[in-house]
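Enquirer: Next come the chains, spelled out residue by residue.
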Amino acid sequence: MKTSLSLLFAALLAAGAVHAEAPRADGTVLLTGADLVTVSHGTIKGGELLIRDGRIAALGAKVDAPADAERIDLAGKRVYPGYIAANSVLGLTEIEAVRATNDMAEVGAINPNTRAQVAINPDSELLPVARANGVLTANVVPQPGKSGVIAGQSALVKLDGWTYEDMTLATPSGMHLFWPEARLPAWLPEDFRKRAKEAAGKKLAALDLAMRDARAYQAAKRAGTVKTEDLRWEAMLPVLDGKEALFVHAESSADIRDALAFAQREKIARLVLVGGQDAWRLADELAARKIPVILGTSQRLPLRRWEAYDTAYANAAKLVQAGVTVAIANQGESQAASNERNLPYQAASYAAYGMGEDAALRAITLTPAEILGVADRLGSLDVGKDATLFVADGDALDARTRVQRAWIRGHELDMANRQTRLYEKYKSKYEGKPRP
Amino acid sequence: MPSIRSRSRRRTLRSCLAALVLTLLAGAPLHAQVDTRPVEGIADRTPQLTAFVHARLLVKPGEVIEDGTLVVRDGVIVAAGRGAKVPAGAARIDLGGKTVFAGFIDPLSAYAQPATAEAAPAATGRRGASPSTPQPQAGAAYWNPRVHPQDDVAATAKPDPQAAEKLRALGFTDALSVPQRGIFRGQSALYALSDAAHGNDALIRARVAQHLAFETSGWGSDEYPGSLMGAIALVRQTLYDARWQQQRLAWQAKRPEAERTAPNDALAALAPLAAGRQPAIFATDDELDYDRALAIAREFGLKLVLAGNGHEYRMAPRLAAAGVPVIVPLTYPEAPAVEDPDAALDVELAALEHWRWAPYNARVLAEAGVPFAFTAAGLKKPESEFWKRVRKAVADGLDERTALAALTTQPAAMLGVADKLGTLEPGRLAHFVVADADLLRGDDARIYETWIDGKRYRQADPAAPDPRGAWNLAWSGGSGPASLEFRGKDGEFGAKAGGESFPATQDGARLLLYMPGKLLGSARERVVVVAQLDDGALDGRAELEDGHRLRVHGTLAKPAPRALATLPAKPPLPSEPLRFPAGAYGRNGLPQQPAAVVVRHATLWTQGPQGVLEDADLLVEKGRIAALGRNLKAPSGALEIDGRGKYVSPGIIDPHSHIAVSRGVNEGTHAVTSEVRIGDVLDPTDMIIYRQLAGGTTSALVLHGSANPIGGQSQIIKLRWGADAEGLKFKRAPETIKFALGENVKQSNWGDNFTTRYPQTRMGVEQIDLDSLLAAQAYGAALKAGHAADGGPLRRDLRLQALWEVLQGERLVQIHSYRQDEILGFIRLAQQFHIVPTFQHVLEGYKVADAIAKLGAGASTFSDWWAYKFEVRDAIPYNGALMTRQGVTVSFNSDDDEMGRRLNTEAAKSVKYGGLSDAEALALVTVNPARQLHIDKYVGSLEPGKDADFVIWNAPPLSTLAVPQQTWVDGRKYFDRADDLAERARIESERAELIAAALPERVKALAHDAGKKDADKPGGAPEAAPSLLQGDELLRRYAARRPIYHDDEPVNGCTDAESH
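Protein chains in written order, with the numbering used here: chain R, 148 to 583; chain B, 55 to 1114.
Simulated from the structure, these hints should not be mistaken for laboratory data. This structure is a prediction, so every number in the text was calculated from the model and none was measured. Quick reminder that beta carbons are idealized off the backbone N, C-alpha and C, glycines included. Treat the hints with care, since some could be wrong.
If we take Cβ atoms under 10 Å as the criterion, some of the chain R residues that face chain B in the derived model are [unchecked claim]:
| hint | residue |
| --- | --- |
| 1 | 255 |
| 2 | 385 |
| 3 | 404 |
| 4 | 485 |
| 5 | 488 |
| 6 | 577 |
| 7 | 581 |
Work out the full structure, taking the sequences as your base and the hints as a guide.
Expert: This is how it looks when you write it as structure tokens:
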């Protein structure tokens, strides 16, 4: 056993890709020699970072560390705050095509009481794969069913823990409204378009009714006349009271415009736009109303044939230029969940087309932490924040760069996952090793 | 004459009268034809000799005889000319002031055809249960129910007097009745549009043409063909079968002992078509279909007539060069929905341009020298739209003579009846139209009569006085306006007097004017003035209050000129020039190929033996790479590009792509469809071509999907944006074919309805591959022998032909695969048949990399996709590196429109996952796919002699921050970021201009619609909203047949259900 383990270790070092050293008990750790990419206040070249009690206890060119601190020499490496996947279905899905493994979308139009938190599978094979590239936190968002409008409450979780309760950082982290899509492909026949438009109309009507009913419930609640609680409207109270943000998912110009008008009409105090493929077209309004945007993936094609090829790529830069707060996320799809690890490369495309690398990195770390209300704990390398961070052997936005070690709240992760295990297994086949 | 109070009542009365007249006439025998029918009752022996005198005869386009005489005997023109002798005993009809045109012919009519529903994909019902096994059919039919060339309209159609009357009202005297459904739809028949009840009396010519169309059953149906390429393959195979059937029957006639040949009416009916005697009228859906029909016509020597779709102007030079006549519809698009700025975003520039250009369609064809005929087919309301649009075409610069030819001589020639119809020359049938001279110009021009087979059909009396023009009026017994103007046509005028407009109707010499009472000093809202017309004068009276009478005498001061006004100067063509593709980023021809290009002082990632060259030059001459190195001497005049700070790599090659395909990437209806060809259905207008160029991609293998074990023939292309479909093809590249294994081909993720097609397991997949290759071997043996197994003529089988080419090593196999068992299984099969395939996806290739390497097969995989379906659960991003280390030639592919434009960064991931070097990584998307596709002699690396396909980046090509600045193919610059930025400005301004131009027309249409909506609001409950499951399914089906110039909706992605 020992032999095979050490062989495995040697093989891993040779591959240089993964770090499968058995995680130690959480203790005090001093990272030394690495460039600390703080995100909040620049990069500390060859600095030191002290992890104690799950937090960043100190960082700087040189820090005072207790004598018993484990010192890890990371010369030539870089330390980054963990990425936050701000719009994800990690934990709610395993294999897109296998229906039994999907718990992303409940039936019905109005499900504000649905909570993502309770369906997150801590042992999903997808989680360690995401972690292995530095995605250490995810906002897990319930998705709309076929007729869905208000899909429910998201939960912000760290991608480490025995149970979903262990994992949870914040719940609800927001209420999610999926704006009925008005935009349809031009090639759809007239009758189909008509019916789809009617279906969208029904959703809007359901939303309208839901808001009215929720307000009525709110009034009754204040008057003390509610006898048995209505789960749906109870869940809406924090949104109506302005305590919980409403995340509106909308992509096209018309949908965003309608969604913004809705929010104004309904006096939604805290609004976040998610998706926003056309958001740049409404950048001024978004900036003026201080509505932050969790931009969907850059890795998509323009909505329209005549639009410039880089319309999606340039979206972020245009929003930032107009003064909009921009986070970058994936699409909340099963297929995106399995490759949540590619979040930094989606950010990189926004960076390459005008956003710049620093802003792009911030958009997958500190900005989503701010939007999700956890900037006091996550998103940057700052004293007092959770020690949720990773070590990379180069620029993390570059696809060649390896993430080598990672900590979540001071707990060092096992970077192995289903994929590395298969890799090792079959690598050993070609090395003539006996079958395990 | 009853009094007329309202417009609608007036109409009702008129149509009642018309019906009555029709009934009276229906029993009357026609005298145009000699027949064998016994006479019932008293014979009609009325002499049938008529002379039309003082007419302006438009004998044929360009030949006008003023004050001519037309003599018709027994329904045939016997003389036409100025001073042609009026034979003794002839009835005389004076057509003074009127023009006689040869009768108009609609060469593409649904006349006398049963109404058919639009071929929409079924929303519900049985699907996929037992694919490819159509219900048994009556008769000796072809196996495919869409192939029924034996259908004979003349044998089944019944003349339709009511439809005929409507067409006659437009001046049509003859219409080709065209079968409406199928691929080989059957044979059309030319009918006279008389009111004859018997086919004998109306049929001019039977079996005029065979009608073809690329009709498909659509995605998810079980009926072959489900795709455009399937339809084309079926046309081809059918035509080969028709040839073979003749050969076989001839062979068998001499060999009574030979096995009986199955009779087949369909194939027999194709003989005249195959011999080039009978024209093939080919329906087209878009501007790319012309080439597809032309290619088939060339391959089989067909006499082709193209049935157009209104986009012909975009391909005019090509149509002219082909010398093929075209039937042109007048389906100009309505003004696009531009009123809402958000919605206007979704109006494609190409659609705006089409709106602008469509009315010029005929003019552009005429100027290019394309022979064409008009059809009213496709118009929603031909009665109001047809002439308006012909006149619009003329007003927009279509030569009037050509327009007339398109209604007369051209259709007559296309349909092979130029000796009978189309002119007023002696010997032609007396099918003609009496109309105003300005029929092709003036919206007020009238058609008075059509004559068919010697019989008159009257819409208006040509001898009736024409009140149109300006009148002077004198009133007695009261006062009224001193002048009046009549405008309009067909007995329904607008009149204008004293600043008021009001209606008027005419019946013969009697004229009723519905004047506002105030014009006559009356308090009534309307006062009817009844007038009698007489040679430039009118006398009328009106009764006012208290029985007070008012009289009026009028003189026609200035008749409205019915003679030809001189046409205004020919207007210029629209200022938006025609590009290809139309709309955004279109081009005027290919980018120039400079004689020499040199990129100086760049970092060259050659991917060849020279490795990475710093501060080096790349010299290109005549489209090929001439040299790489420092301080290269370039020929004088070479285009110099400053490469300082830039990186040059070979163009990226995507070895698994589904871009640029029209109407379906899968022919998934049969388990084996090796006969279908992606090369038949390339879509050069697909914007993704340009967008991928902007991502550095220059070549791609465009694959058939993976819906069946043996899919179709794939096509290697270069991304030559601006070229036509043929120009996209990488001509020196080998032929390829797609095979597939795993969940898709056994329909695992297609839902519960797909459980009966063989195969449903990996076991069955292996057997069907084996069985197909054995069949191909047998076919090959017969090919070599030159005859079938029984000695008879060999039936050319395109399905087996392609597989035989595989066995001959002439066609590369791309095998879609996931799990190691199926990969290994195919390796064994490949060894048995000496095939060296490239495995596609091959996500568990790392488990059997040694076996793949031993076979010498390639492996083309995703960088890191996994977990989207069960069979990719074990997919790992180390796959590429592991296989590379075992000696497999590995490439990374996209299988996705979007990913196909950033394959450089996909390749970069292999450095992280498995530790490939930078050069090895970039090789995954350059030289390695080139090797797999056997095109590494030409592309894949920067080496002297290879094609100058390269990308200039602003950062190292593996960097996620690298942005292509220029992309070159064949030494031509197909993408330049600076040019792109300039083009954006053009697009914005052209859009703004066209939207502004379309807005007034759109607003008018909206106002019209709003008016209508109030009138016919539907009653009852609205239709239930569809369940979205149904919606998704429908969406996919429609997506598979989306037209060209679509947005880049992600419908060709590699998901379980779409099966690529």
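Enquirer: All hints, please: hold or fail.
Expert: Checked hints:
Restraint check, residue 255(R) versus chain B: the minimum CB separation of about 13 Å is more than 10 Å; hint violated. A distance limit of 10 Å between C-beta atoms decides the matter here; for residue 385(R) the minimum to chain B is near 30 Å, and the interface restraint is violated. About 6 Å separates the beta-carbon of residue 404(R) from the nearest beta-carbon of chain B, less than 10 Å, and the hint is met. With 10 Å as the threshold, the beta carbon of residue 485(R) comes within range of chain B, its nearest partner Cβ sitting at about 4 Å, so the hint holds.
With a cut of 10 Å, the hint placing residue 488(R) at the interface with chain B holds, because the nearest CB-to-CB distance is about 8 Å. Proximity of residue 577(R) to chain B holds as hinted, the smallest CB-CB distance being about 6 Å (cut-off 10 Å). Here the hint on residue 581(R) is broken, as its CB sits about 16 Å from the closest CB of chain B, past 10 Å.
Going down the numbered hints, you'll see the structure goes against 1, 2 and 7, while the others check out.
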